[in-house]
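Build the full structure now, drawing on both the sequences and the hints.
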Amino acid sequence: MRPSIDETFMSIAQTMANRATCARRKVGAVIVDKNNYILSTGYNGQPAGFEHCIEAHCAGYACKSGEGLDLCEALHAEQNAIARLKEPFNAYSMYCTTAPCVACTKLILATSIVNVYVLESYANSGEHLFFKSRNNKFIHM
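So in the numbering used here, spot 83 of the sequence shown is number 903, and the numbers just go up one at a time.
Bear in mind the hints are in silico, worked out from the structure with no lab data behind them.
Bear in mind that the values here come from a model prediction, so they are computed numbers and not experimental data.
Misleading hints may appear alongside valid ones.
[As the list claims (entries may be wrong)] Cut-off 27 Å, straight-line C-alpha distance, at most; resulting in silico cross-link-like pairs (BS3-like, lysine-lysine):
| id | residue 1 | residue 2 |
| --- | --- | --- |
| 1 | K854 | K926 |
| 2 | K846 | K884 |
| 3 | K926 | K884 |
| 4 | K846 | K926 |
| 5 | K957 | K854 |
This is the structure we're talking about:
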């Protein structure tokens, strides 16, 4: 059976998560425009030039999920995907394997992204901010 467009983009986000260099969590993200063309992808991992956490753990490695975020050296998948956008105001939907944290949610809300699709919940997500925002939608798949 042919997957839906949403399932297709989430599958790509899952593939991107496999590229993650963070030893604590693997997250992938895909950003598309209104015509369902991929604009950008991202995964969580250290900035270019840093040693990968999967090879040498950073200070945030031993922290529980949602804790010690300031000790973690990795950029989030959402941050990487947004940073690679040529035109942030052409972005329409984002597909994330895990719900964005509060900081990433604020960054998403500063773009033209109106739909965020997620597979997994996250205790410290910024999902609640979507309900206060303009016409943004937060969709659990």
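Structure-based check of each hint:
1. K854 <-> K926: Judged against 27 Å, a Cα distance of about 21 Å means the pair holds.
2. K846 <-> K884: With Cα atoms ~14 Å apart, K846 and K884 stay inside 27 Å; holds.
3. K926 <-> K884: Judged against 27 Å, a Cα distance of about 23 Å means the pair holds.
4. K846 <-> K926: Answer holds: K846 to K926 is near 21 Å, not above 27 Å.
5. K957 <-> K854: Holds, at roughly 14 Å.
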